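Undergrad: Read off the chains here:
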Amino acid sequence: MGDSQYSFSLTTFSPSGKLVQIEHALTAVGSGQTSLGIKAANGVVIATEKKLPSILVDETSVQKIQSLTPNIGVVYSGMGPDFRVLVRKSRKQAQQYYQLYKETIPVTQLVRETAAVMQEFTQSGGVRPFGVSLLIAGYDDNGPQLYQVDPSGSYFSWKASAMGKNVSNAKTFLEKRYTEDMELDDAIHTAILTLKEGYEGQISANNIEIGVIRADREFKVLTPAEIKDFLEEVE
Amino acid sequence: MSRGSGAGYDRHITIFSPEGRLYQVEYAFKAVKSSGVTSIGVRGKDSVCVVTQKKVPDKLLDDTSITHLFPITKYTGLLATGLTADARSLVSQARNEAAEFRKKWGYEMPVDVLAKWIADKAQIYTQHAYMRPLGVVAMVLGYDEEKNAQLFKCDPAGHFFGHKATSAGLKEQEAINFLEKKMKDSPQFTYDETVQIAISALQSVLQEDFKATEIEVGVVRKEDRVFRALKTEEIDQHLTAISERD
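Residue numbers (the numbering used here), protein chains in the order written: chain S, 60 to 294; chain B, 29 to 274.
Rather than coming from a laboratory, the hints here were simulated on the basis of the structure.
Note that the coordinates shown come from a computational prediction; the quantities given were computed from them, not determined experimentally.
Just so you know, even glycine gets a beta-carbon here, dropped at the ideal spot from N, CA and C.
Take the hints with a grain of salt, since some may be wrong.
For lysine-lysine, the following DSSO-like pairs were computed, each having C-alpha atoms within a straight-line distance of at most 27 angstroms [to be verified]:
id : chain 1 : residue 1 : chain 2 : residue 2
1  : B       : Lys212    : B       : Lys83
2  : S       : Lys109    : B       : Lys131
3  : S       : Lys151    : B       : Lys131
DEER-style ranges, computed between Cβ atoms [said to hold, decoys possible]:
id : chain 1 : residue 1 : chain 2 : residue 2 : range
4  : B       : Ile94     : S       : Ser90     : 52 to 60 angstroms
5  : S       : Lys110    : B       : Pro215    : 53 to 61 angstroms
6  : S       : Gln155    : B       : Thr260    : 51 to 59 angstroms
7  : S       : Phe67     : B       : Asn176    : 21 to 29 angstroms
8  : B       : Lys175    : S       : Gln168    : 46 to 54 angstroms
9  : B       : Lys250    : S       : Gln168    : 54 to 62 angstroms
10 : S       : Gln155    : B       : Ser117    : 29 to 37 angstroms
11 : S       : Ser66     : B       : Leu88     : 26 to 34 angstroms
12 : S       : Phe67     : B       : Lys175    : 40 to 48 angstroms
13 : B       : Ser232    : S       : Lys218    : 35 to 43 angstroms
14 : B       : Ser117    : S       : Glu242    : 50 to 58 angstroms
15 : S       : Val121    : B       : Glu128    : 24 to 32 angstroms
16 : S       : Glu292    : B       : Asp274    : 36 to 44 angstroms
Between the sequences and the hints, there should be enough to build the whole structure, so can you do that?
TA: Below, the structure written as structure tokens:
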């Protein structure tokens, strides 16, 4: 990478040793819509608010939760356009892995490669860091997994995590409710309740998105009808 | 914590400000408004209509050469609001991309795919310092085989959404307020209703009644999937219908 005239990095150290562009990127993430993920004993659930700028927007044209492979899904908080770039790159990396090894890419490998891309953009010439944090949920031979990747390119495995505007309240809520042997359906209910906590306005099947992956290893984004059922169970 | 904005370049190139914002992108949005023009797009049941002001700054100008409405392919159109030169550059690239898509895959580039391509290109300009964002909001319209009438709006930040109705330019917010009221119960407008809602929204927001030569109207409809700019007579018919209705 490295754009012609800009053969110098735009992300440079401040006198105190900080990479301020990355910190600003994290601020951009922190002002994004809340998203969260919970790893259960038999699967993973990721969810996000889907607040659109106007009722005139066709909500069926927007999908914030995307799949990277049939068994790995991802959600973000932060800048939507940057997210699309990462989804495209990650999907390609997963395909290249398959082409080389004739095996589906393990979750940790895909996370590592995505994180490497994000790190590149903190060091290459003429580019800025990505303004998104990702929650990657997958199920492979190592069981259900949930990873968070930050604009710096660092990633951690989480039992449950949240990002975006309401991160501190959401994490406190999750800490109270999380149990090691949680079942996926309980996790989905907890995810909905956590979103509801910080939601400004009335939560409904059309203004949140939920993605789940179970032991069948197929990542699915729930339809509004399915979300409605879960919402009713939570009430 | 961070002190100030580093070298202060966050206003000159697309790097983050301390608040996590991209000033250059925000300024690009201002540039769209600075053109002084407002555009409206409305999606009906089986048709899409876009309307924009046609401001001819000098009587000596050949007004047939002034347009913001561009066919990208025979079946998709693009209404550009903002800096005209940036718009022409975008249109030129979009036309090329759509033609290559058709050649490569054997079928016409769908509207949402084109919109995504435009938005992804816009995103690159927000992340790479060597190119500034374009000062253009693009409304892309067309008729899709499976999803019927489509209207997408792409902005300098790289966002794109499908819309039931939308607006761009100087009086964008007022127009959106007007349209939200009209579209509240998700009405399914006929072709004539779609065109007339779009034109009357523009008239209401700018508080003036137009002559047919002062606006440009582009449509796509199920019966005739070709993207067309309406001729002056047709625009006149709709204007008359609107004034008789009121």
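Undergrad: Please verify whether lysine 109(S) and lysine 131(B) have alpha carbons no more than 27 angstroms apart.
TA: Answer violated: lysine 109(S) to lysine 131(B) is near 36 angstroms, above 27 angstroms.
Undergrad: Do phenylalanine 67(S) and asparagine 176(B) keep their Cβ atoms within the hinted range of 21 to 29 angstroms?
TA: violated, 50 angstroms
Undergrad: Between serine 232(B) and lysine 218(S), is the Cβ distance one that fits in 35 to 43 angstroms?
TA: Since the Cβ atoms of serine 232(B) and lysine 218(S) sit about 54 angstroms apart, the hinted range of 35 to 43 angstroms is violated.
Undergrad: I want to verify a distance hint. Is the separation of the beta carbons of valine 121(S) and glutamate 128(B) within 24 to 32 angstroms?
TA: Roughly 27 angstroms apart at Cβ, these two residues keep to the hinted range, so it holds.
Undergrad: Checking one constraint from the list: CA of lysine 212(B) to CA of lysine 83(B), max 27 angstroms. Satisfied?
TA: violated, 31 angstroms
Undergrad: Is the gap between the beta carbons of phenylalanine 67(S) and lysine 175(B) within 40 to 48 angstroms?
TA: At 45 angstroms between Cβs, range holds.
Undergrad: Does the Cβ-Cβ separation between lysine 110(S) and proline 215(B) fall within 53 to 61 angstroms?
TA: Hint violated: Cβ distance 23 angstroms, outside 53 to 61 angstroms.
Undergrad: Is 52 to 60 angstroms respected by the C-beta to C-beta distance linking isoleucine 94(B) and serine 90(S)?
TA: Given range 52 to 60 angstroms: violated, Cβ gap about 40 angstroms.
Undergrad: For the pair glutamate 292(S) and aspartate 274(B), does the Cβ-Cβ distance stay inside 36 to 44 angstroms?
TA: violated, 50 angstroms
Undergrad: Looking only at beta-carbon atoms, does the pair glutamine 155(S), threonine 260(B) fall within the given range of 51 to 59 angstroms?
TA: holds, 55 angstroms
Undergrad: Between lysine 175(B) and glutamine 168(S), does the beta-carbon spacing fit 46 to 54 angstroms?
TA: At 35 angstroms between Cβs, range violated.
Undergrad: Assess, step by step, whether the Cα of lysine 151(S) is no farther than 27 angstroms from the Cα of lysine 131(B), and give holds or violated.
TA: holds, 23 angstroms
Checked against the numbered hints above, the structure violates hints 1, 2, 4, 5, 7, 8, 9, 11, 13 and 16; every other hint is satisfied.
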